[in-house]
Amino acid sequence: MSSGFLSQYGGEIGTLTLEHVWLTAWAMLIAAAIAIPVGVGLTRSPHWAKPVIAVANILQTIPSLAMFGFLLPLPWLGDRAARIAIAALTAYALLPIVRNTYAGIRGIDPAILEVARALGLTGRQRLFKVELPLAASFIFAGLRTATVTCVGIATIAAAVGAGGLGELIFRGVASVDNRLVLAGAIPAALLALAADSALGLLERWFKVPAQ
Amino acid sequence: MPAAIEFRHISVAVPQGRILLHDISLALEEGTTTAILGRSGSGKSTLLRTVNRMVEPKSGEVLVGGKSVSEGDVIALRRGMGYVIQETGLFPHFTVERNVGLVLEAEGRPREERARRSRELLTAVGLAPDDLAPDDFARRFPHQLSGGQRQRVGLARALAAEPAILLMDEPFGALDPLTRAEMQDMLRGLLAGLKKTVLLVTHDLDEALYLGDRIVLLSEGRAIADLKPHEFMQSQQPEVEAYRHAFHRGERNGATEVRG
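For the protein sequence lines, the chains are A and B, in the order given.
Here the first sequence is numbered in this note's numbering, starting from 1 and rising by one per residue.
Here the second sequence is numbered in this note's numbering, starting from 212 and rising by one per residue.
No lab work stands behind these hints: they were computed from the structure.
Remember, it's a predicted structure, so these values are computed and weren't measured experimentally.
Even for Gly, the Cβ is constructed at its ideal location relative to N, Cα and C.
Careful: at least some of the hints might be erroneous.
[As the list claims (entries may be wrong)] For lysine-lysine, the following DSBU-like pairs were computed, each having C-alpha atoms within a straight-line distance of at most 35 Å:
1) B:269 x B:406
2) B:269 x A:129
3) B:406 x A:129
4) A:207 x A:50
5) B:269 x A:50
6) B:278 x A:129
7) A:207 x A:129
[As the list claims (entries may be wrong)] Only part of the chain A face toward chain B is listed, based on derived beta-carbon distances under 8 Å:
8) 111
9) 112
10) 115
11) 117
12) 118
13) 120
14) 121
15) 122
16) 125
17) 130
18) 133
19) 193
20) 208
21) 209
22) 210
Work out the full structure: start from the sequences and follow the hints.
The following block contains the structure:
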């Protein structure tokens, strides 16, 4: 890419990158706020685990372009393209977070949970002092998978006018300008890598050494 | 004075119907140690776990200090009892100090009190903490300790809230014989000064004889003998004899004689 290209598009790339981050971050926050409690809930009534995870699984198989299309006619969501994008990304992020929260807590040594009960910790204390910290590494692994997926899918959000780096890609495809495609694709890939390593760091930080 | 712990006609069955405990009645005097002896699957742990309501009996009731455990708050009941199990019971994400102070933390006691109590107890169980040492025990994590050290921390944690009752489920079962003997000595010394009512589950006859004021032998969910240690050694009851004969087999094989 020549310096002329960068000086022409640099500002726009910056704005669109921020937009991209903003869309993904909102989706991840909402998804985590839904999926972590759901994952915890499933450990309390495991007979729900299969159907709930199946639904999250189905959500994830919907092609992203179709998902944006489905959401378009909905009343409140359809008003603003960004809302549609965030709702769609949230839907995709649910599965890995629910699954990992559930598996992370279920994977804790039963002897540890038993001692927590026997020492007289309340249900709340067991959850926040024992279960979530011990499952944290798993939960962050789920968040990592979800974030990387969402950074990729968020490029499609430009199709419904939600902005983000997909805008450059779509424009580049339409005008057969590979430089524009790359101007969208490279920052998107870098974002995914950055999210992957940052959350990977948290994942390792919370890893509990085996006795 | 009511018994510290009393089992009244306790029966426990799993949901599938198999009976784990069959009509057990026992009264444990305050300040004594009762060893529950028996082979794996005899119902020892189940009996211990009815005391802190980790297991609910199908019929009968458990009384602690004359009051049925099923009345009142289960959290308060459990906090009033120390609980020690085999090796795996420490929280791997907490330091030794936090593990020991966890019950106090759960009760919302201030940090300074927890830290002080933790250090007192670590000293009591033979792990004198040293604030100045870079490898201070209190700041280590469970995976940085040996099996014996972990078990000492587990005992310190059980004693943190000064419970009147100590429930110990095969506490030294995973340790090598030498470490186990050290732990038994330490526990005996500690209990001599504390006047706790201890329920000790073990399959080790030596441990039961050494630590118990009384030995209850369980077999297939029934209490088949309830004897003082010296009585246990003399009893002609076939089950007791069988248990006795399962120990020190090396001696009978001539291991103590010089072979020519």
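Now for the hints, and whether the structure bears them out:
1. Of the pairs offered as hints, the one joining residue 269 (chain B) and residue 406 (chain B) holds, with about 32 Å between alpha carbons and a cut-off of 35 Å not exceeded.
2. Between the alpha carbons of residue 269 (chain B) and residue 129 (chain A) the distance comes to roughly 32 Å, so the proposed pair stays at or under 35 Å and holds.
3. For a cut-off of 35 Å, the pair hint linking residue 406 (chain B) to residue 129 (chain A) stands: about 32 Å separates their Cα positions.
4. With a CA separation close to 27 Å, the supplied pair residue 207 (chain A) and residue 50 (chain A) stays within the 35 Å bound.
5. Taken as a hint, the residue 269 (chain B) and residue 50 (chain A) pair is honoured in the structure, with Cα atoms around 32 Å apart against an allowance of 35 Å.
6. A threshold of 35 Å between alpha carbons decides the hint, and for residue 278 (chain B) with residue 129 (chain A) the separation of about 31 Å falls inside it, so the pair holds.
7. Restraint check for residue 207 (chain A) and residue 129 (chain A): satisfied, since their Cα atoms lie roughly 15 Å apart, inside the 35 Å limit.
8. With a cut of 8 Å, the hint placing residue 111 (chain A) at the interface with chain B holds, because the nearest CB-to-CB distance is about 4 Å.
9. Hint status for residue 112 (chain A) relative to chain B: holds, with the closest Cβ pair at about 6 Å, below 8 Å.
10. Look at residue 115 (chain A): its Cβ gets to within about 4 Å of chain B, closer than 8 Å, so that hint holds up.
11. With a least beta-carbon distance of about 7 Å to chain B, the hint placing residue 117 (chain A) at the interface is held under the 8 Å criterion.
12. Hint status for residue 118 (chain A): holds, given a least beta-carbon distance of 4 Å to chain B, under 8 Å.
13. For residue 120 (chain A), the interface hint holds, the least distance from its beta-carbon to any beta-carbon of chain B being 3 Å, beneath 8 Å.
14. Among the interface hints, the one on residue 121 (chain A) holds; its C-beta lies about 5 Å from the nearest C-beta in chain B, closer than the 8 Å criterion.
15. The beta carbon of residue 122 (chain A) comes within 6 Å of a beta carbon in chain B, closer than 8 Å, and the hint placing it at the interface holds.
16. Proximity of residue 125 (chain A) to chain B holds as hinted, the smallest CB-CB distance being about 5 Å (cut-off 8 Å).
17. A cut of 8 Å between beta carbons decides the hint on residue 130 (chain A): the least distance to chain B is about 6 Å, and the hint holds.
18. Contact between residue 133 (chain A) and chain B, as hinted, is supported at the beta carbon level, the nearest pair being about 5 Å apart and thus within 8 Å.
19. Here the hint on residue 193 (chain A) is broken, as its CB sits about 29 Å from the closest CB of chain B, past 8 Å.
20. At about 5 Å, the closest approach between the beta carbon of residue 208 (chain A) and any beta carbon in chain B falls short of 8 Å, and the interface hint on this residue holds.
21. A least Cβ separation of about 4 Å between residue 209 (chain A) and chain B falls short of the 8 Å threshold, and the interface hint therefore holds.
22. Annotation: interface hint on residue 210 (chain A) holds; nearest CB of chain B at approximately 7 Å, less than 8 Å.
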